[in-house]
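Number of protein chains: 2
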Amino acid sequence: MTDITGKRVAFLLTDGFEDSELTSPWEAVTEVGATAVLVSPADGRVSGKNGHEQTVDLTVGSADASEFDALVLPGGVVNADNLRMDETAVSFARDFFAQHKPVGVICHGAWILADADVLGDRTITSYPSLKTDLRNAGANWVDEEVVVDAGLVSSRTPDDLPAFNAKVLEEIAEGAHADQTV
Amino acid sequence: MTDITGKRVAFLLTDGFEDSELTSPWEAVTEVGATAVLVSPADGRVSGKNGHEQTVDLTVGSADASEFDALVLPGGVVNADNLRMDETAVSFARDFFAQHKPVGVICHGAWILADADVLGDRTITSYPSLKTDLRNAGANWVDEEVVVDAGLVSSRTPDDLPAFNAKVLEEIAEGAHADQTV
Chain X
1 MTDITGKRVA FLLTDGFEDS ELTSPWEAVT EVGATAVLVS PADGRVSGKN GHEQTVDLTV
61 GSADASEFDA LVLPGGVVNA DNLRMDETAV SFARDFFAQH KPVGVICHGA WILADADVLG
121 DRTITSYPSL KTDLRNAGAN WVDEEVVVDA GLVSSRTPDD LPAFNAKVLE EIAEGAHADQ
181 TV
Chain V
1001 MTDITGKRVA FLLTDGFEDS ELTSPWEAVT EVGATAVLVS PADGRVSGKN GHEQTVDLTV
1061 GSADASEFDA LVLPGGVVNA DNLRMDETAV SFARDFFAQH KPVGVICHGA WILADADVLG
1121 DRTITSYPSL KTDLRNAGAN WVDEEVVVDA GLVSSRTPDD LPAFNAKVLE EIAEGAHADQ
1181 TV
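Chains X and V are the protein sequences, given in the same order.
Under the numbering used here, the first residue of the first sequence carries the number 1, and numbering increases by one thereafter.
Under the numbering used here, the first residue of the second sequence carries the number 1001, and numbering increases by one thereafter.
Honestly, the hints are just simulated from the structure, not real lab data.
Do not take every clue at face value.
Claimed, not checked - With a cut-off of at most 25 Å between alpha-carbon atoms, the simulated PhoX-like pairs for lysine-lysine come out as follows:
{"id": "1", "chain 1": "X", "residue 1": "K7", "chain 2": "X", "residue 2": "K167"}
{"id": "2", "chain 1": "X", "residue 1": "K49", "chain 2": "V", "residue 2": "K1049"}
{"id": "3", "chain 1": "V", "residue 1": "K1007", "chain 2": "X", "residue 2": "K131"}
{"id": "4", "chain 1": "X", "residue 1": "K167", "chain 2": "X", "residue 2": "K131"}
Stated by the list, open to error - So the derived label-pair ranges between C-beta atoms look like this:
{"id": "5", "chain 1": "V", "residue 1": "V1032", "chain 2": "X", "residue 2": "P158", "range": "21 to 29 Å"}
{"id": "6", "chain 1": "X", "residue 1": "P158", "chain 2": "V", "residue 2": "P1128", "range": "24 to 32 Å"}
{"id": "7", "chain 1": "V", "residue 1": "Q1099", "chain 2": "X", "residue 2": "G120", "range": "29 to 37 Å"}
Where is the CB? At the ideal position from N, CA and C, for every residue including glycine.
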């Protein structure tokens, strides 16, 4: 089993996230020793589309990517559509690429990466509705259960979570990837 | 008052549309003599995000743009996110551009136009979350109540509906626009 004891993983999201895309990777990273931190634009609690509620640990305005080892972006169309309009959230996501740190993104979570302008020549998958947007943002979009491209791990839907979680853990264990960049 | 008697206007949408972005332009075009037709991927009824239900008049698979004078694309993030994955819907929307016919699009409704690949060098507004996607699709995105570009009418949110409806009626009355093209 991968040991990522002491690593700090930020989960960036807002209301309307796909519940299992928060709870499942959260459990996966904490089970093997990492600290998971819920980062969101506003303080208080966030609600998933299916009712899961969780306390925000840190507002994105107070968060600094340099204090984390990896980022996870859950999906949910309403969450992802809103999150990408928050410039501080876009900038926080971009900083993980600038710092060559692993990023896991699933479902609609990838929209914010188009705003962060970090997808040029990167291979990625997502919920299929994002295909054109991610290709237009410069990505090589493919339809696969999980895609790993130099520290960028992506999947399509909650059905892909087992494969997604396994690859996210691997990439976090490996650490920095020079080709994960802006 | 604009008279568009005898014109046929297709409203293309699926479940999760922004209710007022269907009902308000529908009333505006029918009040001045046009026939409005609800076109959707599946037969039966569609439901708006706030509970408005309406019967589908025509499935998009049976619809032909040549039998209509204009297209309206309401928003609602869930509607727009799903509709763009339906290739027949994308093709139906694209045909209005190929036939130089007026298209009104509001809020999240514009995503399907990225998939239809008809936005190169066109000036458009939308719900702000789509800004990057529409720019990456080649559009000149602006933040205005209503934008008219050669038969393409666009607005941002339900607050813009009075201005949107007025310009949609004008463009329908004018008829074909050579620069509305693919």
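(request) Would you check the hint for K167 of chain X and K131 of chain X, treating anything up to 25 Å between C-alpha atoms as holding? (result) 21 Å, holds
(message) Quick check: does the Cβ-Cβ distance between P158 of chain X and P1128 of chain V fall within 24 to 32 Å?
(response) 28 Å, holds
(request) Could you check the hint for me, namely that V1032 of chain V and P158 of chain X are 21 to 29 Å apart, CB to CB? (result) 47 Å, violated
(request) Look at the Cβ atoms of Q1099 of chain V and G120 of chain X and judge whether their distance stays inside 29 to 37 Å. (result) Distance hint for Q1099 of chain V, G120 of chain X holds at roughly 35 Å.
(request) Assess, step by step, whether the Cα of K7 of chain X is no farther than 25 Å from the Cα of K167 of chain X, and give holds or violated. (result) 16 Å, holds
(request) Please work out if K1007 of chain V and K131 of chain X have their alpha carbons no farther apart than 25 Å. (result) 35 Å, violated
(request) Take a quick look at whether K49 of chain X and K1049 of chain V sit within 25 Å of each other, Cα to Cα. (result) Roughly 14 Å separates the two Cα atoms, so the pair holds.
Checked against the numbered hints given earlier, this structure breaks hints 3 and 5; the rest are met.
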